[in-house]
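Chemist: Same order as they appear, the protein sequences are chains A and B.
For the record, in the first sequence the residue sitting at position 782 is 782 according to our numbering, with numbers rising by one throughout.
For the record, in the second sequence the residue sitting at position 136 is 1136 according to our numbering, with numbers rising by one throughout.
Be aware that a few hints might be false.
What the hints assert, rightly or not - Some chain A residues well away from chain B (every beta-carbon gap over 12 Å; in silico):
1) GLY455
2) ARG466
3) LEU470
4) GLY723
5) ASN758
Unchecked claim - One-sided and incomplete, this derived list gives chain B residues near chain A with beta-carbon spacing under 10 Å:
6) LEU1009
7) GLY1011
8) TRP1015
9) LYS1039
10) ALA1046
11) GLY1047
12) SER1053
13) GLU1057
14) ARG1070
15) ARG1072
16) ARG1096
17) GLN1132
18) VAL1133
Unchecked claim - Quick partial rundown of chain B residues pointing at chain A, CB under 8 Å, derived from the structure:
19) VAL1050
20) LEU1091
21) GLY1103
Derived from the structure by calculation, the hints contain no laboratory data.
Remember, it's a predicted structure, so these values are computed and weren't measured experimentally.
Just so it is clear, CB atoms sit at the ideal spot from N, CA and C, and this is done for glycine as well.
One letter stands for each residue in the lines below.
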Amino acid sequence: MQLKETIGYKTIVTWMAADGRQPFAFQEEAWQYILEGRSGLVNAPTGCGKTFSVFLGAVIDFINRHPDDYRTRGGNGLQLLWISPLRALAKDIGRAMEEVLAGLGMRWQVGTRNGDTDPAERARQKRKMPEVLIITPESLHLLLAQKNYPEVFKVLKVVAVDEWHELLGSKRGVQVELALARILGTRGGSGVSIIGISATIGNLEQAGEVLLASMHRGEGGFIVRAVIHKPIEVESIFPDEIEKYPWSGHLGLKLIHKVIPIIMSSRTTLIFINTRGMSETWYQSLLNICPDLAGAIALHHGSIDMELRTWVEEALHEGKLKAVVCTASLDLGVDFRPVETVIQVGSPKGVARFLQRAGRSGHQPGQVSKIWFLPTHSLELMEAAALKSAMQEGLIESREPMLLSFDVLIQFLSTLAISDGFYADELFRELKQTYCYSEMTEEEWREILHFITEGGEALHQYDEYRKVELMEGGLYKINSRRVAMRHRLHIGTIVSEPMLKVRWVSGGYVGVIEEYFISRMEPGETFTLAGRNLELVMIKDMTVLVRKSNARKSRVPSWNGGRMPLSANLGMMLRRKLDEAGLMLRAMLEGEEPVVDIELRVLQPLFELQAALSYMPRENELLIEQIETRDGYHLFVYPFEGRLVHEAMAALLAYRMSRITPISFSFAMNDYGFELLSDQPIPLDDANVYELFSPDNLTADIQRSVNSAEMARRKFRDIAVIGGLIFQGYPGEYAKARHLQSSAGLLFNVFAEYDPNNLLIRQAYNEVMEQQMEEQRLRNMLERVSRGQMVLRWPKQLTPFCFPLKVDSMREDLSSEKLEDRVRRMQAQLR
Amino acid sequence: MQPAFPYRLRGQQLWLSPDRCVYWEEEQSLILSDLHFGKTGHFRKAGIAVPQSVYREDLLRLLCQIQYFRPRRLLVVGDLFHSRENKELALFLKWRDDFPDLGIHLIQGNHDILHESWYAKAAIELSRETLQVGPFSFVHDIEDVQPGEDAQLGKDLAARGDLAAGEDVSPAGGSYYFSGHLHPGIRLRGMGKQSLQFPCFYFGSDYAVLPAFGRWTGTVSIDPAPKDNVFAILPGIMQIQ
């Protein structure tokens, strides 16, 4: 069927023309595929009509199928399922769709379904599904937990997965894979098009494969690319004087006065800050140094109450705000047209994220996206130079899909067991078609079934384990209403720290705060949230009651949320920039004037000090510094591979050295390097350094290093919650559930000791190896290092490179000594 | 099995077992706390698949302690059971039948919420209040000891914020308390920012806090005063101070 000859197309084009618009080429391309019933990916950035590239396709298809009465037909059943990662997006997308439908005079209904949808609306949807349903992955799974859910998908034509690049690589992405497999399963594997909408990522083809894995073979997915070139201009904000001993965080605020003129000279500015805690501080500081901004700036992050956030977003749309201090909470979603300028404070950690943020500005056609980079310590200026080069070369990160996430599968099986139940063989075949579980063995499948029905290891006659039951005829089903209810509350894969709501004594919510932070505060003390100083009055029923405070001093909460590590691409570019900086110094010594990035030129004094005290490594060199201080013996290594790989590297190195002699270390790492600290001299020198960094026996050595258990313990928390081992309690029923509460750390110990082969424990270790340590990245790094040169230095004092590690760090332990010896020595030292 | 550690207190001979209990020689009593039997069953009944072998091995460990010390009775300072009755407790009853001559005296803890008749069936003597035996008193939570009930301890309790402050109170007079509830652990720090945490026995001037016997229990870090005695379980017993 040729798109342009169809009545649907003509109707849409006519309608658009009335507003003086016409379709983009990539939209027409996507519509053609939708008419053909094909599946694939639309690769387009936010704000260029990607929503219409799929939505209008579904409308055209409907008009073509009902040319005579497409306007008057109502109650057609679900035609388009729109999966979106953010519930905040649902409203805007829904509104845009409704405008179109009204313009066309169609009777299609657009519904949304997410955590905010009220029960009455859900019940209405159950009776009569709207034609378009905008849904989050979690709510989609809740839909699958309803009896007779296959009815919902009976006439479904198109499933759109919006922001697929964000979902891919997370367990929410796995939830989407599972739901798609099941929806296709209810339709016998055909008759539905699946269309992902994704920004540019390094592995776009693979992203398509993952999304469409459950489609019947032979139907290769299409990729439609929106070719839109928007120039991006990056400019660094320089400190007046370069600090030679950088440490993170503090420099950012020192530069805040340089931000004011930028805010003043553009219509609206977004200021991206990496952590929620820092964004609170920034918001306050901006007001302190420029009180005129009061009322014209706002704060936006994930722990601020939804209503306040929505207000900020509306005000942004309307151009009422001069600036918004925000976190990744504004990374996604619809565009705010008034935004002219973006400021990135601190490392964006990756090229893709930086590009996405830059793209938040300058939406008027022909405009340039302008992004300022503001370093939080001087060395970070190197990243601006690296980002510029990476953008030029199009080095955009990949998103690696998750594999064999048994926790998500266990949750999914319980979900299906609540609604219509499942048969093992049938479902196994369906799961094997997904990308995530394609490698699952029959044995693993049996283990999972055993786990959900028998609860693993048990003393049979004394056991009352009850969850999924195997019925006569082979149907797996949850029959207990209590278990079912608890499971419904539990569906989802986003695991957050225990949070408490913060509410005014007089009523109205401010936001949420981590229990850990608030539990260390006394009534009468003040803290900052949503840009306000709040006095803690009391904690009651899982709610923190506060009143306004005029106190000068106030504590800024820290949120323990996951910190992103530096991406491999950016790390590679940083090593290259360091190499260029070294060359620059050498050239200048010879009286030349090399052409380098301005950032490197500004950092010259720091590099000179580094070279004088220690060494400036070339691209193929790995610098290792050993320094003795009052704290003990330090070993600093700078691979520029991101915090998580460094953690693994530190554990590996510590383990290998501990085989030489009994020794204990504590670790510290940041995105540039890591530190091992010991109370004894560290046995590493030119004679054994290549052996210690060898890629041989990597996997075995990492698994043997004590640290992998520690890292697995941290991973286990999420897995235990997703897999249903940690019950977080009913909303508002805190006390009742107390006898069922257990900490993840404790559960990990119990499993590791009493059921070490448990599937979920194994998964925790796998996640550590594959995602956290990024074993492949670690291996690549070791291979790179073993081909290059190791440069050992013994500086007499701390160097510019090691200082940030020394000052802000996160520590882990590793020891091969006998516990008793170690404790005795620790005691001796304390005296 | 790791050897027990001898410790003299108020003229009595105690043996601190690395299996998280204390043998009191003069009274031939095994003192323990926070066993939380039935916890795995409670979770499993709710569809949370915790390995039940933790419980089996806790029972087995208790059996080994009884065979080793040959006590006349167990003095349990609370939280012998985790919650309401479940099938796992039937296993306890069966286990109990194997020791008809062993007395079990339970000082009720906040988790001990079974019906009185159940304790009677299990031949467990239940004290709702503090129990006094010779120079020692037994209570679940030391915070529950009312100031004035014991003048010396009252002063001590008033003086401390938690276990930390440790005001100097003379050891003369008053009963010495054995308590549980807290699941105490001790954190040790060394150079190179090293730190380790172990479950421990805490002996202050007027009261002791025992480690939790059950293995599916966490620890809460305590901050003892310099003159207090603290024994970490490494797994062997080691006096920290």
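Chemist: Hint by hint, note whether the structure agrees.
Modeler: Here is how each hint holds up against the structure:
Under the 12 Å C-beta cut-off, the non-interface status given to A:GLY455 relative to chain B is violated; the minimum distance is some 4 Å. Listed as outside the interface, A:ARG466 is inconsistent with that label: its C-beta sits roughly 6 Å from the nearest C-beta of chain B, within the 12 Å cut-off. The claim that A:LEU470 is not at the interface with chain B holds, since no C-beta of that chain comes within 12 Å of its own (minimum 15 Å). The beta carbon of A:GLY723 is not kept farther than 12 Å from every beta carbon of chain B, the shortest such distance being approximately 9 Å.
The Cβ of A:ASN758 does not lie farther than 12 Å from every Cβ of chain B; its closest approach is about 7 Å, which violates its non-interface assignment. Checking B:LEU1009 against chain A: minimum C-beta separation of about 23 Å lies over 10 Å; hint violated. Interface hint at B:GLY1011: violated, since its Cβ lies 29 Å from the closest Cβ of chain A, which is beyond the 10 Å cut-off. Because the beta carbon of B:TRP1015 sits about 20 Å from the nearest beta carbon in chain A, more than 10 Å, this interface hint is broken.
A hinted interface residue such as B:LYS1039 counts as satisfied when its beta carbon comes closer than 10 Å to some beta carbon of chain A; here the least separation is about 8 Å, so the hint holds. For B:ALA1046, the suggested interface contact is upheld, since its CB lies about 6 Å from the closest CB of chain A, less than 10 Å. For B:GLY1047, the interface hint holds, the least distance from its beta-carbon to any beta-carbon of chain A being 4 Å, beneath 10 Å. Interface restraint check for B:SER1053: the shortest CB-CB distance to chain A comes to about 4 Å, inside 10 Å, so the restraint holds.
A distance limit of 10 Å between C-beta atoms decides the matter here; for B:GLU1057 the minimum to chain A is near 7 Å, and the interface restraint holds. Taking 10 Å as the C-beta cut-off, the interface hint given for B:ARG1070 is violated, the closest approach to chain A being about 27 Å. Annotation: interface hint on B:ARG1072 violated; nearest CB of chain A at approximately 28 Å, more than 10 Å. Taking 10 Å as the C-beta contact cut-off toward chain A, the hint placing B:ARG1096 at the interface is violated, the least distance being around 14 Å.
The beta carbon of B:GLN1132 comes no nearer than 30 Å to any beta carbon in chain A, farther than 10 Å, and the hint placing it at the interface is violated. Here the hint on B:VAL1133 is broken, as its CB sits about 30 Å from the closest CB of chain A, past 10 Å. Taking 8 Å as the C-beta cut-off, the interface hint given for B:VAL1050 holds, the closest approach to chain A being about 6 Å. Evaluation of the B:LEU1091 hint against chain A yields a held restraint, the C-beta minimum of about 4 Å falling below 8 Å.
Proximity of B:GLY1103 to chain A is violated relative to the hint, the smallest CB-CB distance being about 25 Å (cut-off 8 Å).
Of the numbered hints stated above, those contradicted by the structure are hints 1, 2, 4, 5, 6, 7, 8, 14, 15, 16, 17, 18 and 21, listed in ascending order.
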